[in-house]
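Chemist: Chain E is already provided as a structure; the job is to place chains X and L with the ligands on it using the hints.
As a plain string of letters, each chain reads:
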Amino acid sequence: MKGARASRTTIALKLGMALSGIVFLGFVLAHMYGNLKAFAGHDAFNEYAEHLREIGEPMLPHEGLLWILRVGLIAALVVHVYCAVVLWRRAARARTTKYVVKKQTGATRASLLMRWGGLTILLFLVWHLLNFTIGKVNVQGGATNDPYNLLVDTFDVWWLTLIYIVAMLALGAHLHHGIWSAAQTLGWTGTAAKRQRAKTIGFVIALIVSVGFSLVPLGVLAGIITK
Amino acid sequence: MSHDYDMPDTVSAAEASASGSLDGDYDDAAGYYTPGTPLVDTKAPDAPVAERWQTRKFEARLVNPSNRRKLSIIIVGTGLAGASAAATLGEAGYNVKSFCYQDSPRRAHSIAAQGGINAAKNYKEDGDSVHRLFYDTVKGGDYRSRESNVYRLAEVSANIIDQCVAQGVPFAREYGGLLDNRSFGGVQVSRTFYARGQTGQQLLIGAYQALERQVAAGTVTTYTRHEMLELIVVDDKARGIIARDMVTGAVETHLADVVVLASGGYGNVFYLSTNAMGCNVTAAWRAHRKGAYMANPCFTQIHPTCIPVSGEHQSKLTLMSESLRNDGRIWVPKSQADCEKDPRDIPEDDRDYFLERIYPSFGNLVPRDIASRAAKYMCDEGRGVGPKVDGVRRGVYLDFAAAIERLGRDGVEEKYDNLLDMYERITGENPYEVPMRIYPAVHYVMGGLWVDYDLQSTIPGLFVTGEANFSDHGANRLGASALMQGLADGYFVLPHTIRDYLADGPFEAISEDHPAVVEARESVQGRIDHFLSVNGTRSVDSYHRELGNIMWEYCGMERTETGLKKAIDLIRSLKDDFYRNVKVLGTAESLNQSLEKAGRVADFFELGELMCIDALNRRESCGGHFRGESQTEDGEALRHDDGYAYVAAWEWAGEEADPVLHKEDLVYTAIEMKQRSYK
Amino acid sequence: MNLTLKIWRQPDAESAGAMHTYQLSDVSPDMSFLEMLDVLNEQLNDKGEDPIAFDSDCREGICGACGLMINGDAHGPEVTTTCQLHMRSFTDGETITIEPWRSDAFPVLKDLVVDRSAFDRIIQQGGFISVNTGSAPEAHSVPVPRDDAMRAFNVATCIGCGACVAACPNGSASLFMGAKITHLGELPQGQPERDSRVVNMVAQHDHEGFGGCTNIGACTAACPKEIPLDVISQLNKDLRTAIKHGH
Ligand SMILES: Cc1cc2nc3c(=O)[nH]c(=O)nc-3n(C[C@H](O)[C@H](O)[C@H](O)COP(=O)(O)OP(=O)(O)OC[C@H]3O[C@@H](n4cnc5c(N)ncnc54)[C@H](O)[C@@H]3O)c2cc1C
Ligand code: HEM
Ligand code: HEM
Ligand code: SF4
Ligand code: F3S
Ligand code: FES
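Protein chains in written order, with full-length UniProt numbering: chain E, 1 to 227; chain X, 1 to 679; chain L, 1 to 247.
Pulled out of the complex, with its shape left as it was, chain E reads as follows (with noise of 0.2 Å):
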């Protein structure tokens, strides 16, 4: 094609919701990591938020590092969300006349339910956003100004650990297939070998992102998390 731009592909789409899931996969992992230190109790998770918040200081203003977080993070999503629509777009567009019986061989559940699990994961953030950091909404009525306590109080709630697990199973579902496509599509998987690791690996962090993210609510129901 004449005057065709790489950057103006659908590989480049692809390259877009790679880079941004990536950067979504280190958030992720970091607040999963910030979140298990509830299980020590009230302070240390208290501290750490707070710590969160004094990083860089004074060279940075407080939440400096914080905001650049944010910043980097809505940029990630804005492309991430906006590769997503253009490509399901397309796709849909692929294909008009749908199949009468079609089976899909080879393909995984996680892979196919990645546009449904994202939309997931993304009304997810919008309550969890709204919940935990610009609403700030204690469902039991009490104190938001404490993370820790706001936490305990929001998973007393059984209906919104619910919430909160079938998020982090569709978050598990995205990321199994997300991590080995983010591979593929960086072309990290030029051999049957590496293709099996990068789905092993996509498997594991996928295991540990769920679970991971899901002990806390979990132990605040159970009452090993307690005010």
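Simulated from the structure, these hints should not be mistaken for lab results.
Heads up, some of the hints might be wrong.
[Stated by the list, open to error] Straight-line Cα separation of at most 16 Å, EDC-like style, residue types lysine to aspartate or glutamate; simulated pairs: (1) LYS37(E) with ASP146(E); (2) LYS388(X) with ASP30(L); (3) LYS583(X) with ASP30(L).
[To be verified] Some but not every residue of chain L turned toward chain X, in silico, with C-beta under 8 Å: (4) GLN23; (5) LEU24; (6) SER28; (7) ALA53; (8) PRO107; (9) LEU184.
All residues carry an ideal CB built from backbone N, CA and C; glycine is no exception.
Modeler: Showing chains X and L with the ligands alone in chain E's frame:
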């Protein structure tokens, strides 16, 4: 996989002449043809054979690059012969239109070739040379091909490999990174280049890619799903074609300065063959009816190791590598009563290893035509195996039990695994446990439109390349040399010879209302309308199958005077019935596969008749053509150089008239004719 | 065997189509799938009904002309082409649903026949090595390591059948494209045009309306030539390299 033609020791013509001479003046075909004037090839320069091509290339006139864009070339066919020519002529700057009936040029039947391609590279330093390849090819063709063409073929063969490698054709390589070669059967040098079992595919994809590159460059326009149905001849020159857009049904006129036919072989006249479903003679036959002579139409190559017919429904036959005969033993039950039994229950004593019995020294490795005929005789006797088709069992066992005992199952697996797997997929039988069944099948046609040294037919401006012409293989083709010929013609020969013709162009523009153009278009429309209006009772396929049976029975592995005469009668009456009773549904203005087939089968009828007449005329056995009347006492093929050292070129004389036979004498200056012998 | 066949019928590209049901009896397990359809067509012809149009040519699994969606699997339940599928892979009394490849880049022309010329146009945009006839150097002047040659061969076996597109939930032709990119990219001859090749081919792929790949892997499972997913990794890598080189 290997289509090698085993070449036995030879004896000189003088030695053989005692038995090889004609004992009497025969004219079996008398009453079926009209004798014509002799034919000579005027284009091969009068020089020693090794200098002819250089001389011709130099003498052929040049076309100014700025004029090339104004010159238009139609190429029918995108197989090795057509795609390579279209790409090369496009690169040179001509205005090329390329046609094929498939949905993409890449699907031409060249894609199915398995074994390999020959070239006189002498990479093995084993004594190969242009001259040796030339010699082997002429001898393989049983001295019925034209010396100058074959020499040129051998000469340009090395360039083909260079070209294909540069295009990225992934030939097999050795550890050092250089190209690997293998030796094929009877040939004693290693000159066959291959890409596992898919050489044809890889070569064709290379040519196809070169073609598509020219499409992007704007020099070539492709017309896929277009079938050529008529040749346009104006003032005795080929000036275009009538083609049907197979999707919309539109009957289109395409005019040009020159037309090239690279439309492949017509083995499908036999209905069952190893050819693709769409292979046809229509393009060539329409040209024949417009004045192009058809040469040696009866020369057909039959391959002994194909998977047998399994039932009435069979649509095509699949080739199995001949290499299986190296370790497999061929047999049938001694008694007809055993034919239905499980072969494993037939004791050793009740088996007839007929090739080992009849040909003790060559055994299962006798040449293709002998192995094929022997199998046919066994089945005709009623000792064939496998399912009955039309009341006869057509198959013989190819048994690996002894090989498994000798080499172990692993040993056999290592050598033949993919072949045996393929067999199992098609037949559902495990060849490690039950003997395989094989039967001969039509594989290639050496006959085709007559061309001179320039590859030009008897119609000026009509060039013919690849399997569609008759030129290089005589009465039998050596394995791995059809691919070589297709690419030699398209890449290296035609682009030079066609320019001599085009140097006189551009020719006077003709309009679509020229009477000759209108006539061509109307005749196509007339035929289409006829088929759609008959509304008889039988499907096109049923006629094709019946025609195929006649051809196979009487013009197949063994031909006799009585059989051929009977066949001609049968064909004529079947053809009559076809025109009156065929049932073609649907419309002309849409994709209509029955209509496409009807046109092809109609032309097969006429071709089939001519093949029988040609076979009748040639009362000698040579190469793939075995006349029952011409054999030695022990049943060997017997050639008659004194009577038949000619190319039989047939001229169409009209629907009602007998074809006219023009003979081109074959003169060998660089090779002495020898008789085949298996003693 | 007796079968119930549900087959997509569509008179031409413009008209709407629908599934039709046919009964077929006395099917031999030794028939190929296409021979089974031949038999059905003979019967339809006898009854005065238009036979079902489908593509096929070589019928030995190499030309890539055939291709049907059979019970939801491209080329049916075995790893092979439709023409090499045999009726013994089905059971007596079974209902078989037969549809054409579904991709907007492969419009249906009639019944089960689709137009795959989009593949040719992708190749036109760079699926070749630019070498004019006669200008090639001596074949042995460029040795190719055997492993590279083998890999190039393994992926060059693609027959352009389109099953990968048909099977991919996104309707992507990445496996087909990746096979060509890898074939030519693996060879020294293919290096000079490597960047422009991948950019132009992918751009054409997108222009034709194929979907983007999300690494689902249904394509490779349907591929009769077992082209591995590696080629898509290679395709992505080559495109990334091209971006890096400023294309
Ligand atoms: C199974 C098999 C295995 C073989 N193996 C070998 C081998 O190992 N080595 C070897 O050297 N040879 C082999 N051969 C022979 C060799 O493959 C062929 O002879 C050769 O490829 C023919 O090439 P071609 O270009 O002349 O014709 P083809 O490749 O047959 O191409 C014919 C072209 O003409 C077009 N066409 C035909 N009729 C029309 C029409 N009416 N209108 C428009 N277009 C038309 C078709 O669309 C097609 O594009 C094999 C043959 C078979 C069948
Ligand atoms: C916010 C909502 C989200 C949506 C709508 C979304 C959607 C998608 C989609 C459609 C894909 C493409 C599927 C594929 O390429 O395999 C994808 C890939 C990916 N997503 Fe998400 N996702 C979201 C959030 C996330 C989050 C939070 C993470 C990480 C924690 C993430 C990580 C990834 C990764 C690593 C990939 C693989 C990229 C690639 O294929 O190259 N996504 N996402
Ligand atoms: C059960 C799992 C989770 C728990 C218990 C949890 C808990 C929290 C808490 C307590 C905060 C507030 C921290 C603070 O203000 O200092 C927070 C912030 C946040 N969480 Fe989570 N989280 C979970 C899962 C996730 C997941 C899966 C994502 C992303 C996909 C996510 C994204 C965020 C974001 C973006 C913020 C805001 C950070 C900021 O900008 O301050 N969380 N989370
Ligand atoms: S990659 Fe496989 S499925 Fe796709 S076109 Fe090639 S052979 Fe067919
Ligand atoms: S199924 Fe489709 S999403 Fe990619 S890996 Fe294959 S092209
Ligand atoms: S018909 Fe050629 S691959 Fe099936």
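Chemist: Close enough to count: is the Cβ of SER28(L) nearer than 8 Å to one in chain X?
Modeler: The hint holds - SER28(L) has a Cβ within 8 Å of chain X, the shortest such distance being about 6 Å.
Chemist: Would the hint on PRO107(L) stand, with a C-beta cut-off of 8 Å toward chain X?
Modeler: 10 Å, violated
Chemist: Under 8 Å, Cβ to Cβ, is where LEU24(L) needs to be relative to chain X, so tell me if that hint holds or is violated.
Modeler: 12 Å, violated
Chemist: Checking hints one by one. Is GLN23(L) an interface residue toward chain X, by the C-beta closer than 8 Å rule?
Modeler: The hint is violated - GLN23(L) has no Cβ within 8 Å of chain X, the shortest such distance being about 17 Å.
Chemist: Per the CB criterion, is LEU184(L) less than 8 Å away from chain X?
Modeler: Constraint on LEU184(L) satisfied, holds at 5 Å.
Chemist: Is LYS37(E) close enough to ASP146(E), meaning Cα to Cα at most 16 Å?
Modeler: It holds: about 15 Å lies between the C-alpha atoms, which stays within 16 Å.
Chemist: Below or equal to 16 Å on CA atoms is what counts here, so check LYS583(X) against ASP30(L).
Modeler: 28 Å, violated
Chemist: Quick one, are LYS388(X) and ASP30(L) close enough, alpha carbons at most 16 Å?
Modeler: Given that 16 Å is the threshold and the Cα spacing comes to 13 Å, the pair holds.
Chemist: Was the hint right that ALA53(L) lines chain X, CB cutoff 8 Å?
Modeler: This interface hint holds because 6 Å falls under the 8 Å limit.
In summary, the structure is inconsistent with hints 3, 4, 5 and 8 from the numbered list given earlier, while agreeing with the others.
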